[in-house]
Amino acid sequence: MKVFRLEPIDADDPSWKYSVERSHVWTCALTTADARELVAARTGFFKLEEPGAVSPWMNERLTACVEEPTMTFPNPGEVIREDGSPVVD
1 MKVFRLEPID
11 ADDPSWKYSV
21 ERSHVWTCAL
31 TTADARELVA
41 ARTGFFKLEE
51 PGAVSPWMNE
61 RLTACVEEPT
71 MTFPNPGEVI
81 REDGSPVVD
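Take the sequence shown: its position 43, counting from 1, is numbered 43 in the working numbering, and each next residue is one higher.
Misleading hints may appear alongside valid ones.
[As the list claims (entries may be wrong)] Derived lysine-lysine pairs resembling DSSO-like cross-links, with alpha carbons at most 30 Å apart:
{"no.": "1", "residue 1": "2", "residue 2": "17"}
{"no.": "2", "residue 1": "17", "residue 2": "47"}
{"no.": "3", "residue 1": "47", "residue 2": "2"}
Honestly, the hints are just simulated from the structure, not real lab data.
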């Protein structure tokens, strides 16, 4: 497992209405695609989506997703904020 940091690139895009989080977060996953899917799920996308909607966390133009090789947390399946608090769906 790897730790990934995801952060907004274009915070003005309308798709951010599908996320309750709009700041950078960290998660643990096998791949960047897995990390993006987990963050999208934990940040409310499935509760807020409309037909044809795409989570901003899934869009490479709107969010960066980079590996954090020196971090040893969060645990698999967790998404955490900068203050260490968990993001729950």
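Comparing the hints with the structure gives:
no. : hint      : in the structure
1   : 2 <-> 17  : 28 Å, holds
2   : 17 <-> 47 : 11 Å, holds
3   : 47 <-> 2  : 27 Å, holds
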